[in-house]
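Build out the structure end to end from the sequences listed, making use of the hints.
2 protein chains.
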Amino acid sequence: MSKLQEKERYREELAGRQQIIKNEGLPVIVILEGYSASGKGSALSSIIKFMDPRFFRVYNMDVATEEEKRRPFLFRHAVKMPMKGQFSFFDGSVMDEVTHELLTGKISENKYKEKIGSIIHYERQLHDNGYLLIKFFLDVSEKEQKKRIDKLLENKNTKWRVNKKDLWQNKNYKKCRKLYNSYIQETDNKEYPWHIIKADDKDQVEAIIANTIISEIDYAIKKNMLPQILDNPYKMTKTKKLSKIRLKDKVLSDKEYREKLKVLQKELSDLHNKLYRKKIPVIIAYEGWDAAGKGGNIKRVASALDPRGYEVFPIASPSAEEKNRHFLWRFYNRLPKTGHIAIFDRTWYGRVMVERLEGFCSENDWKRAYNEINEFEKDLTDWGAVIIKFWVQIDKDTQLERFTLRQNTPEKQWKITDEDWRNREKWDLYEDAINEMIEKTSTEFAPWFILESNDKKYARIKALEIIIKEIKKKI
Amino acid sequence: MSKLQEKERYREELAGRQQIIKNEGLPVIVILEGYSASGKGSALSSIIKFMDPRFFRVYNMDVATEEEKRRPFLFRHAVKMPMKGQFSFFDGSVMDEVTHELLTGKISENKYKEKIGSIIHYERQLHDNGYLLIKFFLDVSEKEQKKRIDKLLENKNTKWRVNKKDLWQNKNYKKCRKLYNSYIQETDNKEYPWHIIKADDKDQVEAIIANTIISEIDYAIKKNMLPQILDNPYKMTKTKKLSKIRLKDKVLSDKEYREKLKVLQKELSDLHNKLYRKKIPVIIAYEGWDAAGKGGNIKRVASALDPRGYEVFPIASPSAEEKNRHFLWRFYNRLPKTGHIAIFDRTWYGRVMVERLEGFCSENDWKRAYNEINEFEKDLTDWGAVIIKFWVQIDKDTQLERFTLRQNTPEKQWKITDEDWRNREKWDLYEDAINEMIEKTSTEFAPWFILESNDKKYARIKALEIIIKEIKKKI
Chain A
0 MSKLQEKERY REELAGRQQI IKNEGLPVIV ILEGYSASGK GSALSSIIKF
50 MDPRFFRVYN MDVATEEEKR RPFLFRHAVK MPMKGQFSFF DGSVMDEVTH
100 ELLTGKISEN KYKEKIGSII HYERQLHDNG YLLIKFFLDV SEKEQKKRID
150 KLLENKNTKW RVNKKDLWQN KNYKKCRKLY NSYIQETDNK EYPWHIIKAD
200 DKDQVEAIIA NTIISEIDYA IKKNMLPQIL DNPYKMTKTK KLSKIRLKDK
250 VLSDKEYREK LKVLQKELSD LHNKLYRKKI PVIIAYEGWD AAGKGGNIKR
300 VASALDPRGY EVFPIASPSA EEKNRHFLWR FYNRLPKTGH IAIFDRTWYG
350 RVMVERLEGF CSENDWKRAY NEINEFEKDL TDWGAVIIKF WVQIDKDTQL
400 ERFTLRQNTP EKQWKITDED WRNREKWDLY EDAINEMIEK TSTEFAPWFI
450 LESNDKKYAR IKALEIIIKE IKKKI
Chain B
0 MSKLQEKERY REELAGRQQI IKNEGLPVIV ILEGYSASGK GSALSSIIKF
50 MDPRFFRVYN MDVATEEEKR RPFLFRHAVK MPMKGQFSFF DGSVMDEVTH
100 ELLTGKISEN KYKEKIGSII HYERQLHDNG YLLIKFFLDV SEKEQKKRID
150 KLLENKNTKW RVNKKDLWQN KNYKKCRKLY NSYIQETDNK EYPWHIIKAD
200 DKDQVEAIIA NTIISEIDYA IKKNMLPQIL DNPYKMTKTK KLSKIRLKDK
250 VLSDKEYREK LKVLQKELSD LHNKLYRKKI PVIIAYEGWD AAGKGGNIKR
300 VASALDPRGY EVFPIASPSA EEKNRHFLWR FYNRLPKTGH IAIFDRTWYG
350 RVMVERLEGF CSENDWKRAY NEINEFEKDL TDWGAVIIKF WVQIDKDTQL
400 ERFTLRQNTP EKQWKITDED WRNREKWDLY EDAINEMIEK TSTEFAPWFI
450 LESNDKKYAR IKALEIIIKE IKKKI
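Here the protein sequences come in this chain order: A and B. Counting in numbering that gives the first Met the number 0, the first sequence runs from 0 upward without gaps. Counting in numbering that gives the first Met the number 0, the second sequence runs from 0 upward without gaps.
Everything labelled a hint here was simulated from the structure, so no lab data went into it. Even for Gly, the Cβ is constructed at its ideal location relative to N, Cα and C. Not one of these hints is a red herring.
Covered stretches of chain B (chain A as the covering partner; in silico rule of three or more C-beta atoms under 8 Å from a C-beta of chain A):
1. 18 to 24
2. 39 to 48
3. 63 to 77
4. 294 to 303
5. 317 to 325
Taking lysine-lysine and the DSS-like style, the derived pairs with C-alpha atoms no more than 25 Å apart in a straight line are:
6. Lys155/A to Lys278/B
7. Lys468/A to Lys234/A
8. Lys278/B to Lys472/B
9. Lys2/B to Lys261/A
10. Lys261/A to Lys48/B
11. Lys234/B to Lys468/B
12. Lys461/B to Lys48/A
Okay, here's the thing in structure tokens:
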């Protein structure tokens, strides 16, 4: 077959594969890393020329925006993951970013190792959650790179494409090569291996990339083995079964409540100011029984905060856009900026409660989720975030009282739905799931805190005290 | 009533109103403008203290991010409009922005006037689309402002709150006052007037703001008159009825097609490069009959572009988040950055086609939409964007052929749905709506271009020629 016919062939096949992944609902992530001037951009352009532009996105990850710099380093990559049936192409990605940070001394050896760890489990999670991950590294020799950069610089129409980093890379070629090799080794995986391409001949590069994508898609669609459930690698804290939690004597008088509330809110408000200036992000996650008093509790916390420095996210059932991505995607999209506080009214733990019990995800999905969530929270703490997770606990009778009260008070009726009653019938199933959840996700870096909330006043004061204590640890 | 009782009263009422707007589905935008150190922030904090933080957002609009600066000036405000039943509080807004730009010479007198025009119709559109807009201006005297700034500077814990702009404003107090007065006059409206508050006494400020919000909500819920349909203020271009469009002889031979395609794609690709460096944004909007060949046409345009510099947005029916906002909100969210190209496969014109004919919006809504869309597109051209709107035209028989072909070709079946057949039955109703749409939205700054697409090849070449021609005009 002539070169031209060959080109024709794989371009048509690639276009065809697009329809196949659409029908199969397979999300595909193609990552192009490599030396600058190795021709990533032009390879990409020619690859997608014959694809339907409505079903892929291309991202040039070169420079992070100011907004992105105020989020965890994986944030800008995670929010760009494609929906089922679509492609995301990354022109340069996290490898380029973290290796450059290390080589220019922006991060320490340890921070680098930590980030490698995050990348490894982030990529594994993508794979386990049904993403096809295809990673290419375009390799050019020091000489060849120099030649290409000089060529670009000669022409006034291409000159602007050469930036400091490109020149820096060629100057530090050997250092870079050494680190790139070790990065590739550390992040290689038989399910989503690195494809290293000698980038000397443009046409050849295009052909290899195209044919690799085609065969990887065909393989991904054929194979059907469940991802394995990994053992928990993290240190855990001791936890209690819900049934062992004493609620009875956890009460406060109105007087005590009002006094403590005033003092604690003042203290939290001052802390918020410090947080803001020290750029420490805080994530407060609320889970609990219906009518446990989450809303009122959140209100007492929020009203102590400077409204310009926090956000409250009520989490309802996911939208179509969200359902068709990794279950943590919608939470990546709601992370606070450094110095800000994000309060979640219900959280990513829906995966191992409602989604588990209502069958919205497979057994393998929710069993994997404990570890996926721990990894997610580990990344957030590595980033420097304070994570506080509350389980707001009441007993079954108290819930009944509150449901009935809501039913009978016109201004409160909007708060109670048939679904609440249906969930109540499943109390025992939920209790088992919650016990397992608390046991498996109370890591040392992000333990659960129980708020005994038969007396809402008691729970509110306890929440404020814990938040203050946890924030102080980081300041 | 004592001051404290009064505070209690309006805070409770405010909390109550939150539930009312939730039940009524009323979206509320509260804008706090005014001098720095006039206490906007602290007034806001105390106002919302007793509101449910899950149903409002507070935005400090002080500084635009780099990303925001690459969008139209109203973008960062528009994307923050609340959903039905929710509050958005703006601490400082567009007034502060544009007046500061003029006074510091960042924009000319004319540009300022232009922006005032955009603000006036943007606010009117919010009102007409069911938003309650409450605007406050907090006023302090030059002396008082100086006093407050000095006080902040004295204390090391508050020092950081004072920025250059605050100092600048006090130095240029008289200039500012003069411009603020004229801005307020120009943007005042009896439906959403400016509330000017002497900001000397904190408690009084809070009380006035709270009570105003309460009474405005009560008024907004009681009143029910339809917004009026405005006459079109813009110069229009001549248009043709669809039935008058000659399709028969608009054909190209394969040979002509291939030759022209090659040349035009090369030319467009070079232009894209220039656009990118000149930071000119381009918006290409495709509308047309089902099976008219939009997808293939878009593909031929996109494949000529640098993938890092364009995005294609297929527009499906709106999500809940989108349905509960101004119908243009989801398009504000998809505007290109300067230097980028956004291609829309279906557009905001759905309002006056499918939404009109399927009754997804009221008659007043779609009749108002012609003008609202013209204003939207005017803002985009004022921003510097090239807007190209294509109607892809085929005749009824050609559609039938293509539907049948899709039905009978396995790889194409996913492209045809029952809905396509249902829409086909309404061909004549659609044709009337489309004729009206083209006639009422072919403004001089954003006219419609017809792509005769019985022969898809002809339509693709014509599209490329028009895009190149229109872009060249701006370069």
